[in-house]
Structure formats: structure tokens, C-alpha cells
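Going line by line, the protein sequences match chains A and B.
Number 138 marks the last residue of the first sequence (my numbering); no jumps.
Number 114 marks the last residue of the second sequence (my numbering); no jumps.
The reader is advised that the hints may include incorrect statements.
Below, computed lysine to any residue pairings styled on SDA-like, alpha-carbon distance capped at 20 Å [stated by the list, open to error]:
hint, chain 1, residue 1, chain 2, residue 2
1, A, K6, B, Q51
2, B, K52, A, S77
3, A, K63, B, L21
4, B, K28, A, I125
5, A, K6, B, P27
6, B, K28, A, V42
7, A, K63, B, G53
8, B, K28, A, A131
9, A, K63, B, R26
10, B, K52, A, Y18
11, B, K52, A, A38
12, B, K28, A, R135
13, A, K63, B, K84
14, A, K63, B, K52
15, B, K52, A, S37
16, A, K111, B, R26
17, A, K63, B, F85
18, A, K111, B, G53
19, B, K28, A, V43
20, A, K71, A, I125
21, A, K6, B, H55
22, B, K28, A, Y18
23, B, K28, A, G76
24, A, K6, A, V43
25, A, K111, B, K28
26, A, K6, B, T94
27, A, K63, B, L24
28, B, K83, A, K6
29, B, K84, A, S77
Sample of chain B residues at the chain A side, in silico, Cβ under 10 Å [stated by the list, open to error]:
hint, residue
30, L2
31, F18
32, K28
33, P38
34, R62
35, S75
36, C79
37, K83
38, A102
These aren't lab readings, by the way, just hints derived from the structure by calculation.
Quick reminder that beta carbons are idealized off the backbone N, C-alpha and C, glycines included.
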Amino acid sequence: MIVRLKLSAFRQTRWHEYAIRFGLGGAVTVTAGVIASAFGPVVGGLFLAFPSIFPASATMIEKHVRERMEKAGLNGSRRGKEVAALDATGAVLGSYGLAAFAVMIWALIEKAQLWAFVLASVTWIAVSALAWLLRRKL
Amino acid sequence: MLEYVLRFLAGGIAVSAFAVLGDLLRPKSFAGLFGAAPSIALATLFMTLEQKGAHYAALEGRSMIIGAIALGAYSWTVCLLLKKFMLSSLAATTAACAVWFAVAFGIFRLVGLQ
């Protein structure tokens with residue numbers, strides 16, 4: 001299986017790191033709502049794709065890799081950045097899927113509201129995964 | 001006030017859920033897909049649909065396309081800052097926000113959305 005779940009990763013994450021991500025995610029969502037209220041949906045919609053997950057995740061990834069390597073007596077600084085960069089590469093590919101999600105919402109939400117969300121979400125993962133698979137092959 | 005509390009909770013839950021999924025998945029390049037998950041959109045659009053109607057949500061969706069392009073540019077910049085300039089993740093993800101704003105509003109002005 002080329003994609004797998006590593007459940008032991010749960011143990012590496014501390015509770016305050018979950019709290020930071022929850023807080024950041026909530027803050028960005030509220031800000032997007034405030035901007036939409038102040039400037040309208042055309043400007044507000046931009047912020048539905050503001051980087052909300054990635055910054056905290058990348059910082060955590062670098063820190064965890066560095067800590068793991070330091071426990072083994074190695075300097076993990078470079079490796080931590082390399083792994084975070086890999087995550088960033090995935091986010092680039094995921095943004096293609098996010099654009100496709102947005103297209104589906106724009107095209108369908110006035111016609112079939114609940115189905116728009118379902119189809120848009122399926123489109124996001126399908127396009128993102130396809131982009132990732134193609135990148136692996138090339 | 002209640003609306004913003006609900007937005008905060010919905011956004012926090014959505015972002016956390018996708019982030020946790022990203023933490024658990026391997027390889028890391030696949031997990032990174034979840035860094036661009038539609039978490040804010042899913043949290044926000046349901047409420048928007050309820051309060052402001054489908055046309056408003058469609059307009060937000062249209063602008064979100066530009067935001068997603070900007071997110072791609074942002075993520076690419078972070079990758080560059082990490083690998084080539086060896087910045088820390090915190091510095092790279094913070095500095096690259098300027099790229100998101102520049103690309104998002106640059107395209108926005110170019111396309112002349114109304």
C-alpha cells in the first residue's frame with residue numbers, strides 16, 4: 001500500500017499543539033466571516049482558501065522530526081526542514097484539488113446545495129490524489 | 001456574536017480534523033494534500049448558505065478559486081524557503097503569507113471580479 005496510516009503519530013503530538021491548531025483554525029474562519037461581512041462575498045471568498053492548516057502543521061512536523069533525531073544523538077535541523085518541505089509539496093498538489101472544489105461549489109451550489117458539498121469534497125480528494133499520483137510517476 | 005462563536009467552533013473542528021488526518025498519513029507528501037483541505041470552506045459555506053443564500057455562497061466559491069491558486073503559490077514558496085534558504089518552518093510559513101496576499105489580490109485585480 002503506497003499510502004498508510006501511522007497511528008503512533010498521535011503520541012508525538014502534545015495537547016497544546018492540538019489547541020493551537022484549533023484556535024488558529026477558528027480564528028481564520030471568524031476572520032474570513034468578518035471580511036465577507038465587511039467587503040462582500042467576492043472579497044470574502046478569497047479567504048476561504050487562506051492557509052489555515054499548513055503553517056501549524058509544518059512547524060509541528062519540523063519540530064517532531066528534529067526532536068526524534070536529537071533523541072538519537074543526531075542533528076535533526078536539516079532533516080526537519082526537508083520533511084516539512086515534503087509536506088509543502090503535498091499542499092501545492094492539494095491546492096489543485098482545492099481549486100477544483102471551488103469550481104464545483106460555484107457551478108453547483110445554486111442548483112443542488114447538499115449535493116454541491118458532497119461532489120465538491122469528492123472532487124477535492126480525487127483531483128488532489130490524482131495530482132499526487134501523477135507527480136510520483138513523472 | 002453567536003454566529004462568530006459558531007464559526008470559531010466549526011472552523012476549529014474542521015481544521016483540526018483535517019490536520020490530524022494529515023498527521024497520521026504517510027508518506028508525508030500525501031499527508032501534505034490535507035494542508036490544502038477545504039476546511040474553512042466547509043465550516044463557513046454551510047452557515048453562509050443558511051444565512052445569506054446560495055447565490056452569495058456561489059460568489060464566495062468563485063473567489064475561492066483565486067484563493068486556491070494563491071495557496072498553491074504560497075505552498076510552493078514555503079517549499080523553496082525551506083529547502084533552498086533553510087529557513088525555519090515558522091519563518092517560512094509566515095513570510096510566504098505575503099505571497100498569498102500578492103497572488104490572491106493580484107489575480108483578483110487582473111480578473112476584475114465584481
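Unsatisfied constraints (hint numbers, rising):
1, 2, 6, 7, 10, 14, 16, 19, 20, 21, 24, 25, 26, 28, 30 and 38
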